[in-house]
Amino acid sequence: MSMTKSQRRHTFSAFRYLVLTVWLTIVAFPMFWMVSTSFKPDREWFAWPPVYISENATLQNYLVVWADVSEYAVDETGNLETVAQSLQRPWTALGNSALISVISTTLTVLFGSVLAYGVSRYGILSEGRMFQLLMLRMVPPIVLIAPISIWYSALGLLDSITGLVMLYFLTTLPYAVWMSKSFIDEVPREMEQAAEILGASRMRTIWEVVLPLVRSGLVATFLFILILTWSEYLLALLLSKTAVVTLPVELSKYQGSTEGRIYGRQAALSVGITLPLIVVGLIIRKHLARGFSFGMVRR
Amino acid sequence: MSRIELVNLRKEYGNVVAVNSMDLTIEDGEFIVFVGPSGCGKTTTLRMIAGFEDPTAGNILINGEVVNEKEPGDRDLGMVFQSHALFPHKNVADNIAFGLRMKKVPQPEQARKVKEVSELVRITHLLGKMPAQCSGGESQRIALARTLVTEPSNFLLDEPLSSLDAKLRRELRAECDRLHDELQKTFVYVTHDQEEAMTLADRIVVMNQGLIVQMGSPMEIYSDPVSYFVADFFGNPAMNLVEGEFVAGASGLEFHCSQFNIPLPEKFKNTAPGKGSLGIRPENVTIGTTDGGASINSEIELVEPLGKDTLLYFGTEAVRPFVAVIEGTQEVKRHAKVDVGFPDEAIFLFAENGDRIR
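Heads up: the sequence lines are chains A and B, in that order.
Position one of the first sequence corresponds to residue 1 (our numbering), numbered consecutively onward.
Position one of the second sequence corresponds to residue 1 (our numbering), numbered consecutively onward.
Just chain A, with the same shape it has in the complex (with noise of 0.2 Å):
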């Protein structure tokens, strides 16, 4: 019954790796059958037994939806072809995603790393405040739809990129804040007054010291933020009506009155909505290993 140490260890690694091979197939499943659908011709979208990887792979899903290539439709599936084009294009809603994700996760990524400065160095939230802050993350979204719709009706904002990036900014500010401050609070208050008794001004101080230690931090703050706006639907939905559609919006459109749901095309759709933010953290994935383990600084 008694076993050595290195049988433990080795028996607690194998566990481990069995853990988190079972964790990884649930999380990569769905990526998979995404990518796997966005290849099948209709008629394989809802076979029984499911075709995991299709011998008759085609790229009608794609040029359907991001080129708009109708022709190429095939002829039981006609009518699909009419739903979608009485859509508003997808490359539209890519740019409109793109565009309100883009400015108000730079928006909330500044206001909120300030914020925080100011939370971390000069105290000025309280830790109750704080938490107050917290709480708007608490609140579902769907209870404050009604009272913004009246406001947005009466200022002319719905429907409109400003009318999103506002709400956005609000609603994503709190992680900001609370992120970037865990990253600020990594720097040794003694390194800034190093840097201030040697004659450098406060915004010089942030800006030689604070902010180099800082930047991976924010980085993983800003992707954070940029996935949560760029895959919002709720609060899209419901104060965008044709002007201003954005990309999970138009992947909802993808639905025929006779036909549900039409699988290919949605998955096409949403293998273009995923790589972008796959091409983003690969850009910046250096910063994303050290701002994700929190403690670029060493003591």
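Treat the hints as calculated values from the structure; they're not laboratory data.
Built from N, CA and C at the ideal position, the CB exists for glycine as well.
Errors might be hidden in some of the hints.
Claimed, not checked - With a straight-line Cα cutoff of 27 Å, these simulated DSS-like cross-link-like pairs (lysine-lysine) come out:
#: 1; chain 1: B; residue 1: Lys70; chain 2: B; residue 2: Lys103
#: 2; chain 1: A; residue 1: Lys286; chain 2: B; residue 2: Lys129
#: 3; chain 1: A; residue 1: Lys253; chain 2: A; residue 2: Lys241
#: 4; chain 1: B; residue 1: Lys113; chain 2: B; residue 2: Lys103
#: 5; chain 1: B; residue 1: Lys185; chain 2: B; residue 2: Lys113
#: 6; chain 1: B; residue 1: Lys90; chain 2: A; residue 2: Lys286
To be verified - Calculated from the model, a selection of chain B residues having no Cβ within reach of chain A, i.e. all distances over 12 Å:
#: 7; residue: Val149
#: 8; residue: Arg173
#: 9; residue: Gln209
#: 10; residue: Thr316
#: 11; residue: Val332
#: 12; residue: Asn353
To be verified - One-sided and incomplete, this derived list gives chain A residues near chain B with beta-carbon spacing under 8 Å:
#: 13; residue: Glu190
#: 14; residue: Gln193
#: 15; residue: Ala194
Please arrange chain B on chain A, whose structure you already have, making use of the hints.
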């Protein structure tokens, strides 16, 4: 000419008084050491001089000018921190040049000065490295260089050596001493280590609970402590301090405690009887010889040879054992009974409140 004056300086945090109405003048070129247990207010005082803490009351004058409202960078100060606080994203040369860059010194002069100062503290071989690649001792030298290079008239050092190991600490302590000799600038040094204070200071300021307890040269503090606290704080091994009672005996005042009773020297004859303590430094305790003074016969319970010296312990079951230092060459045996002598001139008495009785 540089002079730091603290006038009625006071700092409160809520209800806690960290520094209590402090008056002190630090002369040009002086090496002054603030020493005391943690929480005594020494670091707070230093940080007020630096400008990182605003005094609750009182003034700080540097070169005769009140600097309370001046930014830390405008006070003609350099500071070395306990954590050395090097910028981890800049290499050593850029770290050192930082202050020069802030003061807009021209590039060629920056390079010349960085080279000069890194020769002074012997770190030229480190200039291209990142701080993370340097050892603790090297980092502290770099921090010194970064401060020295801007040529302030006053240096503030906040426990700069306390994160280093014993050998490095001795080495850098000597370095600080050498730099002070060479630069002839004012050094204000904070430490909780009495040995550092003794070895470095021209003048020691002993602090406790926000107050200056005693001020003076290291030898004054050592040989003439004003209170139980100071007597206890300085010296290694620490002064033997025995709690007991002063009792009027047949031939004058006597000291009675749980382990021994001895007559006290003539000069204490006017002292009122009552509770108090007797102190004697371990190196002043005589073993075997009893020339002029009381003595008791006691058993050596522990012998601790340190090479040059040997420590003898008596009464180890007491709250604090009684220690005597003898030369390492002397032969002593554990459990031997010896005469332990209290030379008259080596005896200190302290009243129950800790004040010295003279």
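### Task
Could you grab the alpha-carbon distance between B/Lys113 and B/Lys103 and see if it respects the 27 Å cut-off?
Given that 27 Å is the threshold and the Cα spacing comes to 13 Å, the pair holds.
### Message
Between the alpha carbons of A/Lys253 and A/Lys241, is the straight-line distance 27 Å or under?
### Response
Within the cut-off at roughly 12 Å; holds.
### Task
For the pair we were handed, A/Lys286 and B/Lys129, check the Cα-Cα distance against 27 Å.
22 Å, holds
#### Entry: B/Asn353 and chain A, when compared Cβ to Cβ, separated by more than 12 Å
Non-interface label on B/Asn353 holds, nearest chain A Cβ at 38 Å vs cutoff 12 Å.
### Task
Tell me if A/Ala194 is really an interface residue toward chain B, meaning its C-beta lies closer than 8 Å to one of theirs.
4 Å, holds
### Message
If I take the minimum Cβ distance from B/Val149 to any residue of chain A, is it greater than 12 Å?
### Response
9 Å, violated
### Query
Does the no-contact call for B/Thr316 survive, Cβ to all of chain A over 12 Å?
Holds, because the least Cβ-Cβ distance between B/Thr316 and chain A comes to about 40 Å, which exceeds 12 Å.
### Message
Just to be careful, I want the Cα atoms of B/Lys185 and B/Lys113 compared with a cutoff of 27 Å; is the pair within it?
### Response
18 Å, holds
### Hint check: 8 Å Cβ-Cβ cutoff, A/Gln193 to chain B
Nearest chain B Cβ about 6 Å off; hint holds.
### Message
Quick check for students: does the CB of B/Arg173 sit more than 12 Å from each CB in chain A?
### Response
21 Å, holds
### Task
Using 8 Å as the Cβ threshold, decide whether A/Glu190 counts as touching chain B.
4 Å, holds
### Query
Per the stated criterion, does the least C-beta distance between B/Gln209 and chain A lie above 12 Å, as a non-interface residue requires?
25 Å, holds
Consistency with the previously given hints fails for number 7 only.
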